[in-house]
Amino acid sequence: MSNAVLSVESITRLFRVGGLRTRGTLHAIDDVTFEVGASEIVALVGESGSGKSTIARVLAGLYPPSEGRILFEGQSVGRRPSRRVRGRMPMVFQDPFGSINPVLRVGHGIERALKLHRPELSGEQRHDAAVSLLERVGLLPGAEVLRRFPHELSGGQRQRLGFAQALASRPSLILADEPVSMLDVSIRIGLLNVMRDLRDREGVSILYITHDLASARYVADRMIVLYAGRIVETGRTEDVISHPQHPYTRLLMSTAPDPRLPLSDDASLTDLGEPPKVINPGPGCRFAPRCPLATDACRVATPRLRAVSTDQDVACFAVTGE
Amino acid sequence: MSLLHVHDLYVEYETPAGPARAVNGVSLDLDRGEFLAIVGESGCGKSTLLFAIAQLLSYPARMTGGVVQFDGLDLTALKPEELRRHRWRDVSVVMQSAMNALNPTLSIGAQLADVCRAHTEWDDRQIADRSAEVLSMVSIDPAHLKSYPFQLSGGMRQRAMIAMALLLEPKLVIMDEPTSALDVVAQRSLMRQIHALRERLGFSVLFVTHDMSVVSHFSDRLAVMYAGEVVELGSTRAVFDDPQHPYSVGLMDAFPSLLGDLKPLTGIPGNPPSLVEPPPGCLFAPRCPNATDACRTTRPELLSDDSRSVRCHLVHPLEVP
Numbered sequence: 000m001s002n003a004v005l006s007v008e009s010i011t012r013l014f015r016v017g018g019l020r021t022r023g024t025l026h027a028i029d030d031v032t033f034e035v036g037a038s039e040i041v042a043l044v045g046e047s048g049s050g051k052s053t054i055a056r057v058l059a060g061l062y063p064p065s066e067g068r069i070l071f072e073g074q075s076v077g078r079r080p081s082r083r084v085r086g087r088m089p090m091v092f093q094d095p096f097g098s099i100n101p102v103l104r105v106g107h108g109i110e111r112a113l114k115l116h117r118p119e120l121s122g123e124q125r126h127d128a129a130v131s132l133l134e135r136v137g138l139l140p141g142a143e144v145l146r147r148f149p150h151e152l153s154g155g156q157r158q159r160l161g162f163a164q165a166l167a168s169r170p171s172l173i174l175a176d177e178p179v180s181m182l183d184v185s186i187r188i189g190l191l192n193v194m195r196d197l198r199d200r201e202g203v204s205i206l207y208i209t210h211d212l213a214s215a216r217y218v219a220d221r222m223i224v225l226y227a228g229r230i231v232e233t234g235r236t237e238d239v240i241s242h243p244q245h246p247y248t249r250l251l252m253s254t255a256p257d258p259r260l261p262l263s264d265d266a267s268l269t270d271l272g273e274p275p276k277v278i279n280p281g282p283g284c285r286f287a288p289r290c291p292l293a294t295d296a297c298r299v300a301t302p303r304l305r306a307v308s309t310d311q312d313v314a315c316f317a318v319t320g321e
Numbered sequence: 000m001s002l003l004h005v006h007d008l009y010v011e012y013e014t015p016a017g018p019a020r021a022v023n024g025v026s027l028d029l030d031r032g033e034f035l036a037i038v039g040e041s042g043c044g045k046s047t048l049l050f051a052i053a054q055l056l057s058y059p060a061r062m063t064g065g066v067v068q069f070d071g072l073d074l075t076a077l078k079p080e081e082l083r084r085h086r087w088r089d090v091s092v093v094m095q096s097a098m099n100a101l102n103p104t105l106s107i108g109a110q111l112a113d114v115c116r117a118h119t120e121w122d123d124r125q126i127a128d129r130s131a132e133v134l135s136m137v138s139i140d141p142a143h144l145k146s147y148p149f150q151l152s153g154g155m156r157q158r159a160m161i162a163m164a165l166l167l168e169p170k171l172v173i174m175d176e177p178t179s180a181l182d183v184v185a186q187r188s189l190m191r192q193i194h195a196l197r198e199r200l201g202f203s204v205l206f207v208t209h210d211m212s213v214v215s216h217f218s219d220r221l222a223v224m225y226a227g228e229v230v231e232l233g234s235t236r237a238v239f240d241d242p243q244h245p246y247s248v249g250l251m252d253a254f255p256s257l258l259g260d261l262k263p264l265t266g267i268p269g270n271p272p273s274l275v276e277p278p279p280g281c282l283f284a285p286r287c288p289n290a291t292d293a294c295r296t297t298r299p300e301l302l303s304d305d306s307r308s309v310r311c312h313l314v315h316p317l318e319v320p
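Respectively, the protein sequence lines represent chains E and G.
When the letters of the first sequence are read in order and numbered with numbering that gives the first Met the number 0, they come out as residues 0 to 321.
When the letters of the second sequence are read in order and numbered with numbering that gives the first Met the number 0, they come out as residues 0 to 320.
Worth flagging that the hints you see were computed from the coordinates, not collected in a lab.
Ideal Cβ positions, reconstructed from N, Cα and C, are used throughout, including at glycine.
Keep in mind that a hint or two might mislead.
[What the hints assert, rightly or not] The following residues of chain E were derived to be distant from chain G, with all beta-carbon distances above 12 Å: (1) ALA37; (2) ARG56; (3) GLN74.
[To be verified] A few chain G positions that, by computed beta-carbon distances, are all more than 12 Å from chain E: (4) PRO141; (5) ASP240; (6) ASP252; (7) PRO278.
[Unchecked claim] Listed below are the simulated SDA-like cross-link pairs for lysine to any residue, each with C-alpha atoms no more than 20 Å apart in a straight line: (8) LYS262(G) with ALA213(E); (9) LYS170(G) with LEU82(G); (10) LYS262(G) with ARG195(E); (11) LYS170(G) with LEU77(G); (12) LYS262(G) with PRO258(E); (13) LYS262(G) with HIS126(E); (14) LYS276(E) with ALA131(G); (15) LYS276(E) with LEU151(G); (16) LYS114(E) with GLN124(E); (17) LYS276(E) with PHE149(G); (18) LYS170(G) with LEU151(G); (19) LYS262(G) with VAL16(E); (20) LYS114(E) with ASP94(E); (21) LYS262(G) with ASN192(E); (22) LYS145(G) with ASN102(G); (23) LYS145(G) with ALA109(G); (24) LYS145(G) with ASP122(G); (25) LYS262(G) with GLU237(E); (26) LYS276(E) with SER152(G); (27) LYS276(E) with GLY153(G); (28) LYS262(G) with ASP199(E); (29) LYS262(G) with SER241(E); (30) LYS276(E) with ALA180(G); (31) LYS170(G) with ASP219(G); (32) LYS262(G) with ARG235(E); (33) LYS276(E) with PRO148(G); (34) LYS170(G) with THR63(G); (35) LYS114(E) with HIS126(E); (36) LYS262(G) with ARG200(E); (37) LYS276(E) with VAL299(E); (38) LYS170(G) with ASP89(G); (39) LYS170(G) with ARG129(G); (40) LYS262(G) with ARG259(E).
One chain only, chain E, in its complex shape (with noise of 0.2 Å):
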């Protein structure tokens, strides 16, 4: 893909654990590598320690990967993002209650903001661009919003406080990192609407970092699945939930929650499903332990991610038949 806004180059990210005795190496990603093009939403599912929150960290420039390249617009990002990237490339945090200073006004954020990025403003352009930043998240009025403080917002009203944060800097790229997963079920949908809008409206692309394969769905148009550090599968949003393709994928899919489905035989009768901490990774898959395809094979060597159709890859010897 040759627009893409974001490539991502065999990034690894390693961190030191363990005391003296017990030291070891953590693989939080492994090998990741994967494109965002222009207005495209991309999901990047996975459990808790799968690897999807170091992913959004690394490319908010929050701490370097330990190897790999970032590409961003078609440059370099080099250790440290400069601001002009980090405006480029804003990200919104999981928790709307924490990540909002409490003591200043809902105008203080979104017009810090757009001082930093967009300086030639004057104070009564920026007035009249943070209203409009407000209500294109639908914050309305926008003008009283603004002089709310965050405790009179609500859980999804602070979120989308944090999108129209992350416009001001007028991005191409937002990074959203389990934006809904704090809130109530009935105002999630709100705020997937919100990005699916600002994805068709305003053309912005979003890397979605979720561990609910329904709003992937719901949002995105692709999809990639991690396990333990690395990509276990990627492809098309209805490709891979309709014909999941890697064991994990499948379990995930099996396991998820839908009243509209009946109860199914699925693994979890079996597997007490818990994904590894990868400290000083032998070779092998990292799936073969908990895997029912799992042969000698998978537990000596790697498996790559591989075409399996055109547009959907998997990392899986017995799928791709290696």
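With chain E held as given, fit chain G onto it using these hints.
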């Protein structure tokens, strides 16, 4: 006679703006061996209701009216010492966050033994045997009796909490969102385990959650709470297949599915009402797409027909005198 009988229960929180009515006239009955799920969003009073049933409320919350009977025993009339004897033997509680509910400085075995010493006369041998037994019941190797909470994964900690709740074979286990901190696979596995244990041991479950899809396959009956009231109560399958209260309908339409065509969803616009100054009529009327004038002025009652109870004028129209 039902195992648990809750009638017209009111709980208020004292706030600077005046009392906030978190539980507003809730009535429930739970049979022996039954699994009743209570679903609702944050602030609907579901956890407060559980705490009132377990008699665990503390300031600024206060029960201001109603009856809580367990096996014919009026819990509200018990003295603290009598309550202590009733707790754990009759009713145990599994808290939401095992991370916070387990003591990080004590081994799992020590915490199980602590419960036994407080509530039984067992000797060390009996305590050790029973502790190993309950851990095996929840698929944790008894070797973990020596482990500390930080050495267990999130799912194992939550299962250890359930093991602890089952120590004295209670008749009722109250669970406050025990799965909400877990990943989907672990969540499903825990729900299956709870279901299997209940079949085997025959205890009743009162299960609170904000995510109705979690209980969809496991609970016998489902109560939907909104702003301190039960707005719909019926068999789980029936409520899912044919929700009648507009709030239940909205909740059902609020989460996307993995199946079928992808259709745009809207959720439920607006926010729950203030519990300090609630609106005069139906508490859901301000957010209800079909609200009429009657809904805005007269509070609907929870009315039953067959096995379903619904609190809505649109389902049970007001009789005009």
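Report task. Against the structure, test the hints numbered earlier, and report the numbers of the ones violated in rising order. Result -> Failing hints, ascending: 5, 6, 13, 14, 18, 19, 20 and 34.
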